[in-house]
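Enquirer: Chains V and R supply the protein sequences, listed in that same order. Those letters in the first sequence? Residues 1 to 425, by the working numbering. Those letters in the second sequence? Residues 1 to 434, by the working numbering.
Check before you lean on any hint, since a few could be wrong.
In silico EDC-like cross-links for lysine to aspartate or glutamate, where the CA-CA straight-line distance does not exceed 20 Å [to be verified]:
hint, chain 1, residue 1, chain 2, residue 2
1, R, 394, V, 212
2, R, 220, V, 4
3, V, 167, R, 274
None of these hints come from the bench; they were simulated from the model.
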Amino acid sequence: MSAEQNLSASLRQVTVIEIGDQSGDYCAMMLAGLGAKVIKIEPLEGAPSRKLGPFATVDRDPESSLFFWRYGLNKKSLALDLDHQESGAILTRLAAHADIVLLSGQYLAIRRQLELWRGIAADRPRLILCTITPFGLDGPYRDFTATDLTHLALGGIMAMCGYDAGKDGHYDTPPIAPAMWHSYHIAGEYASIAIMAALHFRDLTGEGQSIDLSINEAVNTCTELSMPIYIHNGEVVRRQTARHAFVNPSPLRLPTSSDGVRMLAAVSPFPREIKSFVRLADECGIEHQLTSAEFAQTEKQNPAAAADYRAELVERIVSSRPAQQSFLRAQHHGLPWAPIRRPEENLEDPHFISRHTFASIDHPELARELSYPGTVASDGAEPHMRYTRRAPRLGGHTHQILLEAGFTPAEVEDLSARKIILDRS
Amino acid sequence: MHSDKVRPLRGTRVIDLTWVQVGPQTTRLLATFGAEIIRVECPYPNGMDVVRQVPPFTPNHATPDGGRIQGAAPSTGIPGNYNRSALFNNTNAGKYGITLDLNHPKGRELLKRLVTTANVLSENFSPDQMRKWNLTYEEIRQINPQIIYLQTTGMGKAGVYGNFASYGPTAQALSGLTFMSGLPEQSLPAGWGFSYLDHSPGYFGAFLLMAALRRQRDEKIGCYIDMSQAETGLMLSGTSLLEFQISGRPTTRYGNRMPYAEWVPHGAFRCKGEDNWIAISIQSEIEWRLLCEELGSPEWSRAGKFATAASRRDNQDELETLLTSRTVELDRFDLMHRLQLRGIAAGVVQKAPDRLDLDPQLKARGFYVDLPSSEIGTWPVDGFPARLSRSPAKVGGLPGRAAPKLGEDNQKIYRDLLGLSDAEISALREEKII
Numbered sequence: 001m002s003a004e005q006n007l008s009a010s011l012r013q014v015t016v017i018e019i020g021d022q023s024g025d026y027c028a029m030m031l032a033g034l035g036a037k038v039i040k041i042e043p044l045e046g047a048p049s050r051k052l053g054p055f056a057t058v059d060r061d062p063e064s065s066l067f068f069w070r071y072g073l074n075k076k077s078l079a080l081d082l083d084h085q086e087s088g089a090i091l092t093r094l095a096a097h098a099d100i101v102l103l104s105g106q107y108l109a110i111r112r113q114l115e116l117w118r119g120i121a122a123d124r125p126r127l128i129l130c131t132i133t134p135f136g137l138d139g140p141y142r143d144f145t146a147t148d149l150t151h152l153a154l155g156g157i158m159a160m161c162g163y164d165a166g167k168d169g170h171y172d173t174p175p176i177a178p179a180m181w182h183s184y185h186i187a188g189e190y191a192s193i194a195i196m197a198a199l200h201f202r203d204l205t206g207e208g209q210s211i212d213l214s215i216n217e218a219v220n221t222c223t224e225l226s227m228p229i230y231i232h233n234g235e236v237v238r239r240q241t242a243r244h245a246f247v248n249p250s251p252l253r254l255p256t257s258s259d260g261v262r263m264l265a266a267v268s269p270f271p272r273e274i275k276s277f278v279r280l281a282d283e284c285g286i287e288h289q290l291t292s293a294e295f296a297q298t299e300k301q302n303p304a305a306a307a308d309y310r311a312e313l314v315e316r317i318v319s320s321r322p323a324q325q326s327f328l329r330a331q332h333h334g335l336p337w338a339p340i341r342r343p344e345e346n347l348e349d350p351h352f353i354s355r356h357t358f359a360s361i362d363h364p365e366l367a368r369e370l371s372y373p374g375t376v377a378s379d380g381a382e383p384h385m386r387y388t389r390r391a392p393r394l395g396g397h398t399h400q401i402l403l404e405a406g407f408t409p410a411e412v413e414d415l416s417a418r419k420i421i422l423d424r425s
Numbered sequence: 001m002h003s004d005k006v007r008p009l010r011g012t013r014v015i016d017l018t019w020v021q022v023g024p025q026t027t028r029l030l031a032t033f034g035a036e037i038i039r040v041e042c043p044y045p046n047g048m049d050v051v052r053q054v055p056p057f058t059p060n061h062a063t064p065d066g067g068r069i070q071g072a073a074p075s076t077g078i079p080g081n082y083n084r085s086a087l088f089n090n091t092n093a094g095k096y097g098i099t100l101d102l103n104h105p106k107g108r109e110l111l112k113r114l115v116t117t118a119n120v121l122s123e124n125f126s127p128d129q130m131r132k133w134n135l136t137y138e139e140i141r142q143i144n145p146q147i148i149y150l151q152t153t154g155m156g157k158a159g160v161y162g163n164f165a166s167y168g169p170t171a172q173a174l175s176g177l178t179f180m181s182g183l184p185e186q187s188l189p190a191g192w193g194f195s196y197l198d199h200s201p202g203y204f205g206a207f208l209l210m211a212a213l214r215r216q217r218d219e220k221i222g223c224y225i226d227m228s229q230a231e232t233g234l235m236l237s238g239t240s241l242l243e244f245q246i247s248g249r250p251t252t253r254y255g256n257r258m259p260y261a262e263w264v265p266h267g268a269f270r271c272k273g274e275d276n277w278i279a280i281s282i283q284s285e286i287e288w289r290l291l292c293e294e295l296g297s298p299e300w301s302r303a304g305k306f307a308t309a310a311s312r313r314d315n316q317d318e319l320e321t322l323l324t325s326r327t328v329e330l331d332r333f334d335l336m337h338r339l340q341l342r343g344i345a346a347g348v349v350q351k352a353p354d355r356l357d358l359d360p361q362l363k364a365r366g367f368y369v370d371l372p373s374s375e376i377g378t379w380p381v382d383g384f385p386a387r388l389s390r391s392p393a394k395v396g397g398l399p400g401r402a403a404p405k406l407g408e409d410n411q412k413i414y415r416d417l418l419g420l421s422d423a424e425i426s427a428l429r430e431e432k433i434i
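So here's chain V without its partners, still in its complex pose:
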């Protein structure tokens, strides 16, 4: 693919100002992955997401937060006393160079900033002002406080995830919120789409607009079958261990490989999968009745027994060899099997290496590079998203950004001396 077709610089003419908490970091990082210039404006003590661990070296050190590292890629940091009376004038001057302003946090926490930016936007009709708040800017829950956990609860994801009920149908274990930070992921993806739509609209009309994203609603869109089943059938799905929540329970099947890895290794009763499975079983030297007339009869008359039989064969194949071998052989025959890996087990996987899935980011303070998941798509040769710079130090670009925005060196020095900005350039 020619370089001009790659999308990683497609937002290079777009400048984003990001202010707020951990619910906005991912959205801004997505935009930065397509080349947008993202300026994270932080209070002097650092953005709230710097308080989230795990921590690289020093516990609770704002420069050590791996959350901030992960979601701060490619961004620049300007540290500003957002409570100072002069901050509004400074932000107004910065706004002259911005296309998008992203405010994130609980409604009550961002209310003042929102008022300020609404005023700025009134004079800058091309500005796109996007808020990411827990419940949106109106409604009876507007002022409710929320975390990732409570979002996944109210939004419906949590009720679908967890462990099987006992034989009596009673659950002994609570629903489980999948880890980590997925309400912010889903919200960030939707906010990015909404921002893209607003950019298209501005391309066509010259007009900016405001975007009011509700994290709660974003999570609500992401529950697949549960809502259609209820809306149309009046039935409620029940959570099950490591498989889809359904109205009626299905058997738990997670065979373990000879090297102790759980495998997702099901065979659906589709003719093509059955054929693939016969080839795999033959290759593995497993005796089976899959092609016998008798089994065809069972398949028709008692599908559950046929499924049990297939699962028993799967178990024999998986348990007698290492996970990677089952994975590659099953896939060779066209079966959608995979080992249940830890994320880090993919770091050395030749597939992801060949796709350049991981961005190597230099960390001078550690005297090494770290691999970050850096894209979701390729142009056939190179990733469509590109990350090259580690997350910024607090105030690491204050000086540079203010000069670029037309502040004189004397002004910057004065603001710094009066501790309205923090400059660690």
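Chain R: place on chain V using the hints.
Expert: Below, chain R alone, put in the same frame as chain V:
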């Protein structure tokens, strides 16, 4: 034209070969912002979108001028009728639908005629299917140099596993997302109760297509987007990879607890009634004290075992048992409101009926949208989770309805767009190409 009438994706045509869940998610979002989505489907069952053919189905009594007002009911579907899938109705809202047999050479020729008029081609078949049909990006580019071609596969088409078979959960298992969810080891992973990687890569698909469409409009350049569900899973694996590289510690599971901040208690607590739960996140000492007061036991916050976040973390099992002994007596919604009044993050673990019928916030914001469909009448579908002040999302898209019936728009597309005569359309029908 007044700018209020301008849809962001005005004049964008998408030839939509996607099926099941992940691909259709993407095109649904483009429909929401005004793109014309032409969903191209195989006319016979064994090549048709499986979602049209599997439950949940809309109740058998639902009629075109009725819908939810006629009531919900379990259904095993109506044999031979492919227009009654409940999931399909939601996932394909806002699109036009035509039938076309791509296994027939004449079908592929017609597809190429459609593609020459389009901005985007989107597909998520098995990785090798488009090559078998001679419809790869390189081939399509010959007839439409500016085309944006989105191919979504489990692993990603480029790379060692490029032709691997995958459903969403396959990619999820490989990426690490399945492993990460659940109680600490010894317990199995709980994984996900649905296919998350049939959702998120769909959102990313819309994001990347919209970036590519802006460039196509400005610079007349198309591109190939090789979207990987497994890669998306890695993108969503949080800080786990960094933590592993720095500390050498393998990723582990934490249940509902919070390993990355001094937030204790942090979990789901049983409430009154069968399988009713409330999620509570305590983020400070003040909140902890207020929680104890609200539960009628201010002395808990003074007990040495629970006086600090660190001591609460050390005694978390006991703490959770103690809290549950109180919450189990309480109504989940009532408790949520009481805790929220004190500024504590608390949320009921809501199931579908709670969300659709009770949730006052979703109601006030008008989240669920009633959309008509030509066969099953009017039913609610998911809205778009953000309000745009100048170019609002419209999930009914250009047709202003939920999903199309199989081949519902054949006439409109083949006659009005491609200019085929009625006789030619009839001939295609007789040959079973459409």
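Enquirer: Work down the list of hints and note, for each, if the structure agrees.
Expert: Hints, verified against the model:
no., hint, result
1, R:394 - V:212, "15 Å, holds"
2, R:220 - V:4, "11 Å, holds"
3, V:167 - R:274, "15 Å, holds"
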